[in-house]
Every structure is written in structure tokens, then in C-alpha cells.
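Peer 1: Here the protein sequences line up with chains D and G, keeping their order.
Under the working numbering, the letters of the first sequence match residues 1 to 331, in that order.
Under the working numbering, the letters of the second sequence match residues 1 to 409, in that order.
Keep in mind the hints are simulated off the structure, nothing from the lab.
Please note: incorrect hints may appear among the correct ones.
What the hints assert, rightly or not - Derived SDA-like pairs: lysine to any residue, alpha-carbon spacing no greater than 20 Å straight-line:
no.	chain 1	residue 1	chain 2	residue 2
1	G	Lys120	G	Ala319
2	G	Lys68	D	Cys163
3	G	Lys170	D	Cys163
4	G	Lys168	D	Arg19
Model, not experiment: these values are computed from the prediction.
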Amino acid sequence: MADAVVTDTRTRTEPGFFRRNKLAIAPWIFLIPALIFFAIYVVIPIFESLWLSLYQWNGLYDAEGNSTAVWVGFENYARLWGDPNFWTSLRNNIAWLVLYMLAVPAGLFIALFLNQTVTGMRFYKSMFFFPFVISQVVVGLIFGWFYNPDFGVVGTVWKAIFCEETTNILGNTTFRCERPVPDILSSEQWATYGIIAAGLWPQIAYCMILYLTGLNNVAADQIEAARLDGAKGWKMLWYVVVPQLKPATFIAVVVTVIGALRSFDMIAIMTQGGPFGSTNVLSHYMFEVAISEYGERYGYGSSIATVLFGIMLIFISYFLWRMYQDEKGGR
Amino acid sequence: MFLNLKTAVAAIALSAVAGTAFARDLVINFDDLNPGPKKGFEDAVEKFKAENPDINVIVNINDREAHKTAIRNFLTADAPDVTSWYPGNRMAPFVDAGLFQPVDDVWEENGFNEDLAAIKATMSRDGKIWGVPYSYYQWGIYYRKDIFDLLELEEPQTWDELLAACGKMKENGVTPFTIGTKFLWTAAGVFDYINLRTNGYDVHNALTAGEIKYTDPRIVATFENWETLINECGFVDNHASMSWQDAIAPFANGDAAMYVMGNFSVDGYKNAGLTEDQIDFMPFPTINADVPPAEEAPADAFFIPTNAKNVEDAKKWLAFVARPDVQTEWNKTIGQLPINSKADISDDKFIQEGFALLNGATGLAQFYDRDAPAAMAKAGMEGFQEFMLDPSKKMDILQRLDEVQAEVY
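With the rest of the complex left out, here is chain G (with noise of 0.2 Å):
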């Protein structure tokens, strides 16, 4: 029995080795496992597979916090050829400590310079790039179009007009907007929001970059328009002690009307009985009419890692996700964007708006807390927390944040 199993083992390692000799395994480690991401990727795995019949495909798929925690190991111990990661401060720690490889030449060969043109800034790091995203999607201001119907209001283009639009829905008894910051990044949103129309995408990035205080005087107006929104719109009361998902009951319920929010809250939205035409989605206002239009899209995208067995096959994937036809079909069962600008959009009017609002966007954020290192993040994020609870701690709120930079950077 035990010589059995011996032998049995023997003969899988044996075969294993053989494997990998003649019929050239892939190995690609993917970071979600809800229904709709996996299918999209499993699809895309499927047409893979089609086209390289030659090429072994094996897929990890990891639930994402899981995966975060483990890419830090598998990367060193036991590489795949393909991972998902994210752009922006979160590919960072991993390109500096050389545990990526540079794909410049993937996008060179297949004209990703000029089709994934938006993005290349965000998936570059000392001049190199290092990776191809497959996905991203829009955020913005999600608001109950039939409050707004009631109380005669139109979207409100500018802060001027976003504030009188509070004010009528204050009267009626309506709190204009809803957040759950018990979480903290749904803060970060509403900062990266001001802080753009404010003062646009160059501060955003000096700022997650270190290059500006905290204490700078833009990012002073930022909290001064923060703080302006806070006393003439408003957030429900105890949003600190609510996630994402539970601050969507009062914006249900119609006691708020607006939510600063990405476009994967829609699916919460149709889960609490709202229907398409309850529901409406609009770019956040200009503050400052000089301020080139920046967005925030976070996006996803695939990674080689420097330990990878099979680069060739692995860069074959690459070309392959951000190919328009591949981009197409992936976002439109996951519900996001195509990076590609040559790629098509579903039909849903979310992803046409996005789509719209991002085609116009001058420059594309990642979100606060993948642009900033992490530490530096998370002490920024608890001080928007606490800003919105007291926003007349503001002075002290960056002071802090300042000795934090400094200690970070």
C-alpha cells in the first residue's frame, strides 16, 4: 500500500516535469471570485484557450483579500506567469522590490501606446510600464432621479448650482447626501473629488506623490470646499458607523438623495428595490471652471512577475486582454469599462455615461488610497473620517497629516 502510494506520487511529479517540457503551462492567478468577475475572466480563459491550443492554461482564482495577502508570498515562493494586480502606489512596493517585469515592449508591439493611451501614466513607474489593464469603471455622483423630479431640480453642473440643490432638498426634508465611512476609503472618494475639481489631476497626483503638504494652501480650499459641503448639502448622521453597503438604506428609503460612489454600487442599488428609472448618474460639478476635468477609475490589470517560468505565453496574455474584441465582451459581463478605446460598450446607461465621462477626462485617478503609499493612506483616510465628523478640526487634522508625510516619504 505505502510502496503504492510511493510510486503513485513518483509517477504525478514524473509526469509534471513532462508537462511542463512539451505543452508549455500558463499559470494565471486571478483575485475574484463573485460571480460576475469570475465568468468574465473564465469567458476570456475559455476564447484563450481556443486561440492557443498549444498552451496549457491552468487558473488560480483567489477571493481579493485573499489574494492581497498572498501575492506578497506567491510572487518570491512560487511565482505564476500571469497575476492580477492594480496600478497607481499599489504596484510600487512590488516594482521596487523587482518582483515585476516591464512589458514596454507588449504595448509596443501591439499599439497600446496609442489605444490604452489614458491609462499609461497610471501603469508606468521609473519609466517603464509594467502591465496591461483588462477593466475599469466610472465614479461619480449616483442620485434618485425621482427626488429630483419631485423637487424640479436638473443635475447640477456647477458648485453654485450643487448647493442650491441642497438647500431645496434640505427644506423638503431630504438629506442630500449618504456615506458610510465606517470603512473609511468611501471618504477618500469624496476628497479625491474636490480635491480634483478644486485643484485638478497634477496636485492630486503631487499630493498621493508626497511632492505637497497637507497644510499647502490648494489642498486647504479643497477641505474649506469640503467643509462648505458638509454645512450647506450635508450626510446622514451616523455615517461612521456604517459600510458602503448599509449607507445605501437611507438613499433607498428616499431620505438622502445623492451618493458619492464607483459604478459598482448599482448592483447594490437594484438589490434594495430600486429600478433603473429611480436611479441616475452624474459628474461630479465643476468647482473651479479652469480646472482641466479629471476623473477617478480605478483600474484592474494583469502583472508578469520577474519569477515567471513561461514569459513568452504569459506576454501572449497581456497582448491578449487589452486586445478591443476581448476587452468588449469581458466588460460587458462584469458590468465595467473597456480600457481600449477602440473596444465597444454595453447598452446599460451607467456604462454609457462612464464611458462618456472618462472618454472626456484629462487625467484618471486610481483613488486616494491606491495612489498614496499605504501607510501614508491610511492615516489619511482616518483624518477624513474625522474631518467629517468635526470639520472644525481641520487645521489639526493636516497638521498631522503633514508629520505623517514626512514620516512616510
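Chain D extracted, bound-state conformation (with noise of 0.2 Å):
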């Protein structure tokens, strides 16, 4: 006992900094590993990409390892600003923000659907869950499948209707069509909702699971009051049901935005930005421009990398700034 008091008074009368400020540092200690690496592999790079986008490079050093960069101030801008593709893809990722909310809704009605006890529902949960298991790749290759207008489901269906089955000239089995068979992911017009078809079916899956267990903490109560109130089907939904569902509305608003604006995979596997380019977004065509092989035009490729950062900027200061006011007002 007295020795903890002489310790005591020892470290009241000469306290060391850190002792002092332990409080202070112990976070920034925690923090220091993650900050590392934020730094490195996010915040650098983002000024890098910036500074990268006022030359004009192909990604080579010469044999001394110099860099071969050529300073061109803004030109890459200016040049985006008439590039025809560029307006492709930014007009195919405004496709993309707008068609991907959808999945919000149809989530949102596919949970209440599942949302009730039947034998053998949790079966059916896990199916209409399993499009967002799968790799988002394998998602593009089967709906790539599934158009193909030769072996896929949607030729299949067309041949059956619209083709008649005959011999060609060396006996082998062939169609011959009134209408050409539909081919989605080739057509100027469609390809690209065709795509956005695809990358729906998992986000809808996704933002299922999300109000699923959102109406989980739906409280019973209130329904139970409503009722009594003579509430029922639209009015129960959207009056008493959907307000409780907020944060879970908000949640998926958030994944469906970010799922959108990096729609990378599923255009690099079903199209590659084609036909001719009117299939890219952003992302993708900053892919094609900067890394391709058609592409090593990194200066071009940063400049459409920080158009394309400055868009989701814009929504995750919104999303940060409502994160905030919320915990705010949580407190």
C-alpha cells in the first residue's frame, strides 16, 4: 500500500509527456499502421494521378530511368473536353447512376416478399442472395451467355419463334430468319442497358439483404397500432413501414451509388467498351486509354481519372457530410 503511494507521487511530481498526453496519442497510435498504408496506396496516389495528368507521357523511362514525360499544362483537359468518347462514357455512367437505382426499390419489394415465414424460406432467401455471392466476372460471362445471339437463351428463344430449322448446302443443320436474331451486346442503342441489366440482378440482391434485416427492427408495435388506425397495404408501407427502413435506405443508396460509378468488371467482360467504344464509362475508358494495349496514353488516362474522382467526390462529401449531421444528432 505504501508502496503504490510513493509511486504515485512519483508520477505526479514528474510526469513524461506521453504519460501526460495518453489520452491524446493512444488513438494516433492505433491509427498509425492504417494511416500508413492510406496513405500510401490512396491519398499519394491521388496526387500523383493529379500531377500525372498535366504531361503527356507513355509510361516509359528511358535507359537511364528517366522519365519521358513531356509537361502539357492542361491540354489533356482541353482535349477531353472534344474527345466524342469521353462524352460516351460520361453519358453511359449518368445511365449507370440513374438505371442502378432501381436495385433500391426492387430490393426493397423482394425483402418484404421474403420477409414472411414459410416453410423453407430461408432457402429461398439464399437463392435470390446468391447472384451477389458470385464473382462479378462470372455475373458478366453468364448474361454475356445468356444474349449471345448464337448459343445463348435470348437466340435460343428467337430461333424458335422467328427461324425456321433447314440444310445448308452440305447437309449440316443451320436457321434461316425472317428477323436477324436480336444482338444486344453489339448494338449502339442497347449494349449498354444490357450491361446494366446484368449488373442489377446482384445490387438488387444486394439491397435485398439489406432491408431484410432492416425490417427485422421494424417495431411491432407501431404495426400493430397502425393497423388499429386502419392503415394497411400502400399507406402501412410507406407512412409507417418505409421511415423505419431509413438507415437501411440510406445504406443501400450508398452501395448502389459506388456500385455504379465502378461498373469496371462487367463492362471489361462482356464488351471491353464496345461496339466502338459506346459501351465505356469512365472508368473503363480511363482502363483503355491508360493500360490497354491500344492504350499508353498516361497523361490521358490520369486526366480522365481525376474527371471521374471530382463526380464521386461530389457524392461521398454528401454521403459524409449526412453521416456526420446523423451522428450528430445522435448524440
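Work from the hints to combine the two standalone chains into their complex.
Peer 2: Here is the structure:
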């Protein structure tokens, strides 16, 4: 006991810097590893890419290891302005953002439908959730086959309706069609929508699972009370259930916006931006310009990345602001 | 334990240093993991080792696509003594950045200026020669001989004969051409051939070098011929969603009779169940009889990086791979054509026909996407695909390509 008192007085008489500021410093020590990696892999590259967008560079260093980049100022951005492929990509990005939002109500309705106690419901739920578990690349491949005019579901059904089976000059089976089979992924007008439809499949599953967990937390007494007051159907849904699902809706919107903006993998698998660049979005166009086989224009690619970053920043700042407001309100 | 590991590492590092000092390492990076090409290369390496027992050859074989990415780093960071790469515009960025060294002396000393004369222009840039090719292959029309026989058709020699043959095929329910343009470059093969036959080799080079516009009357004429080919012959439906391998299916089924392709596709036909009697090769027909014949013949070559450590032995390797006997062996294994005019060729009928074709050529184009700079090639090939889907957009596409051209060069 006496020992403890002695130690106590010593710390009080000569407190080290660390001990004095323990509470302030400790969180930073825990944060340092994460901060270092975040800086190396996220923050510094952002600034490097901003810097690179002011250069013209084919990604090569000369034999001595000096970069061959040439300073061009804002020329890359001026070029973007006049680049029809850039505007196509931007338009497609907007189409993705708008149509991808369908995943939120669709997910809600499937969740409502699945939120009942029937034998085997767990099985149905997992079946609906299945597309989110498989990789986006696989989803892209499956839909690519689905749309294929020769051997896909679309082609087979079309052939059954509009085509007749005949034999060709060599006696092999072939088809003669009144109308050519629609080639969705090769059509300038439809390809983007075809890919978005494929992307919606897993995204709806994701929103559904968010709403299913949300529905577990809907207060039963409020439903009861609403029912006593005579609310049912749409009114019940809109005025009683949906407001209680607000946190789930917020997260669903956030993940859907992010999902729409990083729709790279589907496009890379299904069309590579084709036919003739009509399904590109900014992220894929950036890849194509900078690091694909026919790219090697790193400066120009970086300027596209910068524009995409700007667009994402708008959404991200809004979400962060919302979350901050919520936290303040919660305290 | 840890100490042991350290000693071991030090010992390995030491021996590596000692190794370079005495046994003369020669590091070669090669770019094809497919069984045939890999065997061709490895056999050549064995032969080289047997002839030069004092050289310690170290090979790194990578996949083609991975090599395209890796070369951009290793030329600066960790250069091998020799690397495989492609001539034409594909070597231009590396030559311009000073990453390859000229090998004019190898050509001079070994008489390659005569023996490899046909390819010399393609291997040169800024008045110097940058590499030594070991193989190339022909492009042309592969066709279903059985269908031609059924319809009593001969190999068309001229444009009019081709169009007439197409008419007969269509009457009998056969689509004349198959193609898969999903990955774009196949359409460039058709464009190149119509352009080479309409305007010739010099116009091909001037176009890919950015010296003439896409709206130039000569290029417009090429596109008009192409439009005729689309209207009077025609390609399979849905070609924009097929790869070149997918496009073999209608060809194998007998729905389509011809395919403008490179010789590497013969394996594909055979894998699809076709026999040598069912398929045959013909040169792309003449369009303008005044234009001297030029062909597409993409070549594969070896280059010496500027940062190579063992330049002396690297040059030995370059001299070795272009030797007639080495090229004969190597190309028999990989089913392609030797470039050295003194080399022998295999008995394969496609190789024989290709050899005759390329020997009679006055110029060898590398292929649109190897001759034109990357950004131009991409835009150009997208334009070709768009044109094939809707020929009425011809002038719009050509004007857009002019704009891209103005920016790229």
C-alpha cells in the first residue's frame, strides 16, 4: 500500500510527456499503421495522378531511368472536352447511376415478399441472395452467354419463334430467319442497357439483404398501432414501414451509387467498351486509354481519372456530411 | 536458424556475382507459352548452348499478353540481354525512348541485308536496324474447298471473279465470308487487304504513318470497295459479338465459305473438325492490276535492350536465330515461315502456298495495329467495326478518324 502511494507521487511530481498525453496519443498510435497504408495506396496516388494529368507520357523510362513525360499543362483536359468517346462514357456513367437506382425499390419489394414465415423460406432467401455471392466477372460471363445470338437463351428463343431449321449446302443443320436475331451486346443503342440489366441482378440482391435485416428491426407495436388506426397496403408501407427503414435505405443508396460508378468489371468482361466505344464508362475508358494494349497515354488517362474522382467526390462528400449530421443528432 | 538463412542468402548472392564474372550469362526473355512456339524456342536455345558451351543461357518465358506489360518495366529496371518483340510501329516507342540498341553491325557481318532483305524496311527506324526477325506468317483467304467444288467455283483471281463467286454462293444459301470483330483486329485484316489491293504498299505505309488523311480519295476508294464487298458478298450476322475463334463455327458448319485470316488459324479449323482436303488457301484477289502485290506478314523478332549486360553474346544469339538452318528447324516446329530466303520450308500445304505468296510480294505490311500508333490503331479499328455494322456511316467515320489522326501524330 505504501509502495503504491510512493509510485503515485513520483508520477505526479515528474510526469513524462507520453503519460501526460496518453489519452490523446493512444488513438493515433493505433491509427498509424492504417494511416501509413492509406497514405501510400490512396492519398499519395491521388496527388500523383492529379500531377500526371498535366503531362503527356507513354509510361516509359529511358535507359537511365528518367521519365519520358512531357509537361503539357491543361492540354489533356482541353482534349477531353473535344473527345466524343469521353462524352459517350460520361453519358453512360449517368445512365448507370440512374438505372442502377432501380435496385433500391426492387430490393425492397423482394425483401418484403421474402419477409414471411413459410417453410423453406431460408432456402428461397439464399437463392435470391445468390447472385451477390458470385463474382461480378461470373455474372458478366453468364449474361454474355445469355444474350448471345447464336447459342444464348435470347438466340434460342428467337430462333424458335422467327426462324426455321433447314439444311445448308453441305447438309448440316442451320437456321433461316425472317428477322435477324437481336445482338444486344453489339448494338450501339442497347448494349449499355444490357450490361446494366446484368449489373442489377447482383445489386438487387445486395439491397434486398440490407432491407431484410432492416425489416427485422421494424417495431411490431407501431405496425399494430397503425393497423388499429386502419392503415394497410401502400399507406402502411409508405408511412409506417419505409420511414423505419431509413438507415437501410441510406446504406442501400450509398452502395448502389458506388456500385454504379465502379461498374468496370462487367463492361470489361461483356463488351470491352465496344461496339466501337459505345458502352464505355469513365473508369473503363481510363483503363483503355492508359494501360490497355492500345493505350499507353498515361497523362490523358490520369485526366479522365481526375474527372471521375471529381464526380465521386461530390457523392462521397454528401454521404460523409449526412453521416456526420446523423452522428451529431444521435448524441 | 535466422543466421543460417542469412549466410545462405549471402552465399547465393556471392555465387551469383561470381557466376556473371566467369560463365557469361545470357538472359533471354521470350513471349509465348503455347506448346508449339515454346518448343521451337527451347529447341533453338539447346542448339545454341551446344554450339556455345561457354555461355550460360538463362531463359524467361512469359505469356504473350503479360510480356506486353512486363517489357515496359524490365527494359528500364532489369533489362535482359535479348528480348522478343515486334517490328513496325510496335517497336517505335522503345526505339524513341532509347531502350533498344541498333544492330546494323549484326546485319552487315552476317549478310542479312541480302538474306532478310524483304523485312529490312520493317525492322528499320531513323535509318538504323533495331532487331533480327526469326519467323513470320502469311495472311490471305482460307476457304472451304468442298463448298467451292460443289458450286464448281475456281479460286477467284480478280475482284470481279470474287464478286461473281459470292453471287453464286448467296444463291445457294452460303454466306460468303465469316469474321468475328468483337476484338476489332480481324476487321483491320480485311481493311488492310482491300487497301493493299486498291492502293498498294506505299499508301498503306503513308496512311499508318499519318502522312495521308482518311478522307483522302484513295482511302475513300478502299472503303467503297469494302462497301461493295459487304453488299455483294457479305459477312456473317452478329460478327460484332464473336471472337475470331467463335467465327470458325459457321465456317466449320458450312454456313460460310471464306475467312480472311492469318495462317495461325489453320489449327483452329482442324480443331473444329475440318480436314486438310476441306480447307484451302488463296491470296486475296487483285483489285487494281496496276498495283504491285504486297501482303500482310506480321513478323516476330529479337531485340537487344540498351541496358543489356552481355551485348557481345546477345549479338551472337541474334546472328544465330536468323541463320538458315536455325530458321528452317524453328519454323517447322511452330508451323510458320522462315524469313531467311536461304531457309527451307516444311511440306505443309499452307506453308508452301504462303512461302510462294510472300516470295512474290513487293512489300510486307505488318498489320494495321502494328504499323499505326496505338491510339490511332484503336480508333481506326473501332471505326472499321462500326463501318462493317453500318456502311452508310462511311464519311462520318472517316472524318472522325481524321480528327484522331490530327491529334495522334
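Peer 1: Which numbered conditions among the earlier hints are violated in the structure presented, ordered from lowest to highest?
Peer 2: Per hint list: 2 and 4 violated.
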